[in-house]
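J.: Chains as they are written, first to last, in full-length UniProt numbering: chain A, 1 to 140; chain B, 1 to 140; chain C, 1 to 140; chain D, 1 to 140.
Simulated from the structure, these hints should not be mistaken for lab results.
No copy labels: a pair is met if it fits in one copy or bridges any two.
Here are the simulated DSS-like cross-link-like pairs (lysine-lysine), alpha carbons at most 27 Å apart as the crow flies:
1) LYS5 - LYS51
2) LYS70 - LYS5
3) LYS70 - LYS51
4) LYS51 - LYS13
Next come the chains, spelled out residue by residue.
Protein chains: 4
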Amino acid sequence: MLTIKRLSIDDAKILIDGARARATEIGIPMCIAITDESGTLIAFERMDGGKVTSTVVAQDKAFTAAAARKATHEYNAAAQPGSLAFGIHTEVGGRLSIVGGGLPVIVDGEVVGGIGLSSGTPQQDMDCAQAGIDHFLASI
Amino acid sequence: MLTIKRLSIDDAKILIDGARARATEIGIPMCIAITDESGTLIAFERMDGGKVTSTVVAQDKAFTAAAARKATHEYNAAAQPGSLAFGIHTEVGGRLSIVGGGLPVIVDGEVVGGIGLSSGTPQQDMDCAQAGIDHFLASI
Amino acid sequence: MLTIKRLSIDDAKILIDGARARATEIGIPMCIAITDESGTLIAFERMDGGKVTSTVVAQDKAFTAAAARKATHEYNAAAQPGSLAFGIHTEVGGRLSIVGGGLPVIVDGEVVGGIGLSSGTPQQDMDCAQAGIDHFLASI
Amino acid sequence: MLTIKRLSIDDAKILIDGARARATEIGIPMCIAITDESGTLIAFERMDGGKVTSTVVAQDKAFTAAAARKATHEYNAAAQPGSLAFGIHTEVGGRLSIVGGGLPVIVDGEVVGGIGLSSGTPQQDMDCAQAGIDHFLASI
Numbered sequence: 001m002l003t004i005k006r007l008s009i010d011d012a013k014i015l016i017d018g019a020r021a022r023a024t025e026i027g028i029p030m031c032i033a034i035t036d037e038s039g040t041l042i043a044f045e046r047m048d049g050g051k052v053t054s055t056v057v058a059q060d061k062a063f064t065a066a067a068a069r070k071a072t073h074e075y076n077a078a079a080q081p082g083s084l085a086f087g088i089h090t091e092v093g094g095r096l097s098i099v100g101g102g103l104p105v106i107v108d109g110e111v112v113g114g115i116g117l118s119s120g121t122p123q124q125d126m127d128c129a130q131a132g133i134d135h136f137l138a139s140i
Numbered sequence: 001m002l003t004i005k006r007l008s009i010d011d012a013k014i015l016i017d018g019a020r021a022r023a024t025e026i027g028i029p030m031c032i033a034i035t036d037e038s039g040t041l042i043a044f045e046r047m048d049g050g051k052v053t054s055t056v057v058a059q060d061k062a063f064t065a066a067a068a069r070k071a072t073h074e075y076n077a078a079a080q081p082g083s084l085a086f087g088i089h090t091e092v093g094g095r096l097s098i099v100g101g102g103l104p105v106i107v108d109g110e111v112v113g114g115i116g117l118s119s120g121t122p123q124q125d126m127d128c129a130q131a132g133i134d135h136f137l138a139s140i
Numbered sequence: 001m002l003t004i005k006r007l008s009i010d011d012a013k014i015l016i017d018g019a020r021a022r023a024t025e026i027g028i029p030m031c032i033a034i035t036d037e038s039g040t041l042i043a044f045e046r047m048d049g050g051k052v053t054s055t056v057v058a059q060d061k062a063f064t065a066a067a068a069r070k071a072t073h074e075y076n077a078a079a080q081p082g083s084l085a086f087g088i089h090t091e092v093g094g095r096l097s098i099v100g101g102g103l104p105v106i107v108d109g110e111v112v113g114g115i116g117l118s119s120g121t122p123q124q125d126m127d128c129a130q131a132g133i134d135h136f137l138a139s140i
Numbered sequence: 001m002l003t004i005k006r007l008s009i010d011d012a013k014i015l016i017d018g019a020r021a022r023a024t025e026i027g028i029p030m031c032i033a034i035t036d037e038s039g040t041l042i043a044f045e046r047m048d049g050g051k052v053t054s055t056v057v058a059q060d061k062a063f064t065a066a067a068a069r070k071a072t073h074e075y076n077a078a079a080q081p082g083s084l085a086f087g088i089h090t091e092v093g094g095r096l097s098i099v100g101g102g103l104p105v106i107v108d109g110e111v112v113g114g115i116g117l118s119s120g121t122p123q124q125d126m127d128c129a130q131a132g133i134d135h136f137l138a139s140i
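Let's have the full structure, built from the sequences with the hints guiding it.
T.: The following block contains the structure:
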């Protein structure tokens, strides 16, 4: 039998709080998704003005980061044309996202969930995702 | 040009608060989804212990209730074998849910969003969805 | 509660009129799709001779332009190999189109819908989509 | 942070051993799927002669039993025409199986995974799934 650590709903809300605060600061209304370590949704928030397409993209970024235990921007770098991982973005029904903005949430070296942001540029999404993680890690 | 009223993220959180309170009262950890009037997700919460399958089912119930402007239990009654609507539950990629627990959110006679609950029996899901709406309507 | 502006069916027909006129002028029978600001279809027309595949592609272009509030040719530029947005074209079930020919319809600085053209070259599709928007804006 | 118990690959193999032994006894080559408590596949075996369609059906049964924490034959009973849960079998992309043969694996009152069998009659599938669980529980 394995023992797994997983974000709770309270943890998920802290991650969202941190990401939302940074999104507000930079003036970009975001879609924010938090998944558990299996990639299953725990919490989601679309700030007023967040994009419709981003409701799905944010979830897919969080899913990928958690379930593949890899930041989506790292997948992006690894899956460029010419690489043997090129094409991986169509896998898992197209849900494997290689667009920057998805980060695994890591506690004591273990992936316990994922956070995905979408509605800004990939760089802005990554920035707010990191802010969510920083806020969460500071709280524990 | 049309003018549409739509739930804000703050409205969505009030709906979730009301549904969560009732779910806590009856002791069933629920998945709770809120969509806008087009069926696009605004907010989602999986209470600790909510079912994995319910993360999708709750969203589909809210989507259906808002986008078809009909409670999912009303669809259930209308789509039983022998009815001309029988079979509608496989439409829209299977997202058209006819399982009780999805309710349209109606303000001044207009559908402004949807709420979907899943993890209990359909009756429990319906009960908590209604509690979300009652709490929201009492707040405006 | 939010208040949203959205194209009506009459608006959608004016957009199609403008796009069809230009398509006729350049001699390319087009598929023309109009969505609301959430990406949901309002009106669609396949001119005699429009391509079968384009019935879907035109809808996806209009969906993307409206729901992501961005022209599909701008996504094309942003999602080239080497970019952090590379790979986004498989998202939302592959519906997020980065092929030129989808434009958001913007009134008073707000996205109120989307128009998507398909059957010609991307340049021709973009040209006719813009003609639809020009015709619509001149009418209001 | 939550702490979750989950089947290991060694546990999964014991479950398969038990199910395979019973399938051999009744002379029905089976597809046997084991998932973790989130419904993600851990192990799969198609006995020589197992049905092609059953490679998917067995996975969906194990997924449902684990992720919804309910035996698929219990869902079958709950989702008959006339019930408010009627129609649930098309949810989660049609993966929510209500065909007998999927059982949750429960240890100390907690669902730690799921087992799904397919290729026989539902009754035979249920029989072999139970044999897998009996063999596993006897081993711990």
